[in-house]
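Sequential numbering of the sequence shown, starting at 108, is according to my numbering.
Be aware that one or more of the hints could be misleading.
[Said to hold, decoys possible] In the DMTMM-like style, the derived pairs of lysine to aspartate or glutamate whose C-alpha atoms are separated by at most 25 Å in a straight line are:
no.: 1; residue 1: Lys392; residue 2: Asp437
no.: 2; residue 1: Lys416; residue 2: Glu317
no.: 3; residue 1: Lys274; residue 2: Asp410
no.: 4; residue 1: Lys274; residue 2: Glu180
no.: 5; residue 1: Lys424; residue 2: Asp253
no.: 6; residue 1: Lys300; residue 2: Glu317
no.: 7; residue 1: Lys274; residue 2: Glu378
no.: 8; residue 1: Lys202; residue 2: Glu180
no.: 9; residue 1: Lys392; residue 2: Asp192
no.: 10; residue 1: Lys238; residue 2: Asp410
no.: 11; residue 1: Lys300; residue 2: Asp310
no.: 12; residue 1: Lys238; residue 2: Asp437
[Unchecked claim] Derived Cβ-Cβ restraints for the label pairs, each shown as a range:
no.: 13; residue 1: Ser387; residue 2: Leu128; range: 56 to 62 Å
no.: 14; residue 1: Ala227; residue 2: Ser443; range: 46 to 52 Å
no.: 15; residue 1: Asp410; residue 2: Ser385; range: 50 to 56 Å
no.: 16; residue 1: Ser385; residue 2: Leu267; range: 20 to 26 Å
no.: 17; residue 1: Val163; residue 2: Thr336; range: 54 to 60 Å
no.: 18; residue 1: Asn208; residue 2: Pro428; range: 42 to 48 Å
no.: 19; residue 1: Asp350; residue 2: Asp410; range: 41 to 47 Å
no.: 20; residue 1: Ser365; residue 2: Pro427; range: 47 to 53 Å
no.: 21; residue 1: Pro427; residue 2: Gly380; range: 19 to 25 Å
no.: 22; residue 1: Gly380; residue 2: Thr438; range: 32 to 38 Å
no.: 23; residue 1: Pro428; residue 2: Asp350; range: 35 to 41 Å
no.: 24; residue 1: Thr183; residue 2: Glu353; range: 31 to 37 Å
Hints listed in this document are in silico derivations from the structure and should not be mistaken for laboratory results.
For each residue, glycine too, the CB sits at the ideal point set by N, CA and C.
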Amino acid sequence: MVGFFIQRPIFASAIAAILVLAGAICFFLLPVSQFPEITPPQVVVSAAYPGASAQVVADTVTTPLEEQINGVEGMTYMSSASSNDGSSTITVTFKVGYPLNIAAVDVQNRVSQAASSLPAIVNQGGVTIKKQNPNFVLIVNLISPDKSVDAVTLSNYAYLQILDQLKRLPGVGDVQMFGERRYSMRVWLDPDKLANLGVTAVDVQNAIAEQNVQVAAGKIGQSPAPPGTAFELQVNAQGRLSDPQEFSNIIVRSDPASGAVVRLRDVGRVELGALQYSSSAYFGKDPTVVMGVFQMPGSNALDLQKQVKTRMEELSKRFPPGIAYAMHYDTTRFVSAAMHDVVITLVEALL
Numbered sequence: 108m109v110g111f112f113i114q115r116p117i118f119a120s121a122i123a124a125i126l127v128l129a130g131a132i133c134f135f136l137l138p139v140s141q142f143p144e145i146t147p148p149q150v151v152v153s154a155a156y157p158g159a160s161a162q163v164v165a166d167t168v169t170t171p172l173e174e175q176i177n178g179v180e181g182m183t184y185m186s187s188a189s190s191n192d193g194s195s196t197i198t199v200t201f202k203v204g205y206p207l208n209i210a211a212v213d214v215q216n217r218v219s220q221a222a223s224s225l226p227a228i229v230n231q232g233g234v235t236i237k238k239q240n241p242n243f244v245l246i247v248n249l250i251s252p253d254k255s256v257d258a259v260t261l262s263n264y265a266y267l268q269i270l271d272q273l274k275r276l277p278g279v280g281d282v283q284m285f286g287e288r289r290y291s292m293r294v295w296l297d298p299d300k301l302a303n304l305g306v307t308a309v310d311v312q313n314a315i316a317e318q319n320v321q322v323a324a325g326k327i328g329q330s331p332a333p334p335g336t337a338f339e340l341q342v343n344a345q346g347r348l349s350d351p352q353e354f355s356n357i358i359v360r361s362d363p364a365s366g367a368v369v370r371l372r373d374v375g376r377v378e379l380g381a382l383q384y385s386s387s388a389y390f391g392k393d394p395t396v397v398m399g400v401f402q403m404p405g406s407n408a409l410d411l412q413k414q415v416k417t418r419m420e421e422l423s424k425r426f427p428p429g430i431a432y433a434m435h436y437d438t439t440r441f442v443s444a445a446m447h448d449v450v451i452t453l454v455e456a457l458l
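Starting from the given sequences, assemble the full structure and let the hints guide the process.
This is how it looks when you write it as structure tokens:
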């Protein structure tokens, strides 16, 4: 066989060229990894108790959830964190190879059992269960280079125009915002005025909940209607309040006998501000909105990074003046550098 190729050098050269070309093509088609899962699947449970301290969150939210989740099938251990901003996060880790979808369903069932033990405001906000890795893959910063856009506007633009776009990308487990300043109607109560008028903060809270509602006003002329009714009209009534002036006119208390009315503006002031000011984020010395991208277990971090970068480039073309983005924290850079070194080593070995 050796003599056959020695006597036919042109044929041997052609075969060698074909093999080298085929190897070069297949090199770029090889999978990055074909190894079994070595990291355990994790399910993250998140809840929020606005206004509560870390100790209150731990006692009223985290502990009841842990008591119900503990012992779920396939679980190896879990960790939790309660913060002063009212957030509660529980990370449930399962044994390697346990189906992640089944794990999420099992945790969801356990969380449902704990719902009756949680404060009403926590149930109102909802307890979320997500399949994600606990660490960031990369971070996207929304900034204003010329400082013409404040943190509140940046936060709301990110929430309305960017957050959902990133969450839809394949491989994204979740996108979490830090330094969030989502628009909210803030009511600042004056304790002295409340005491003089005999009004409590609970009275104000109940009045806002009762009068800031979306109602169905019904219809006029709907069947069965009297004979001769020719039209059926939909009645539209004022729904939720939308500006500080409307909120200021909310009636907190009234006296039918005297006709006296205590409105919200009589015991405080209303302004359009941010939902919370408990945390702030800065890019250098400038305010920023931080969007941390979590990876879905089993997905490819390199593909995820490329998709996020591509989507942000597309979205940045529609950014209003004064808004830009930056991606300085990226854990895939080390992986890319390692793969580059592997390729260089293989090329040097072939040469």
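Violations among the numbered hints, reported as their numbers in ascending order: Of the numbered hints given earlier, those the structure breaks are 2, 4, 7, 15, 23 and 24, listed in rising order.
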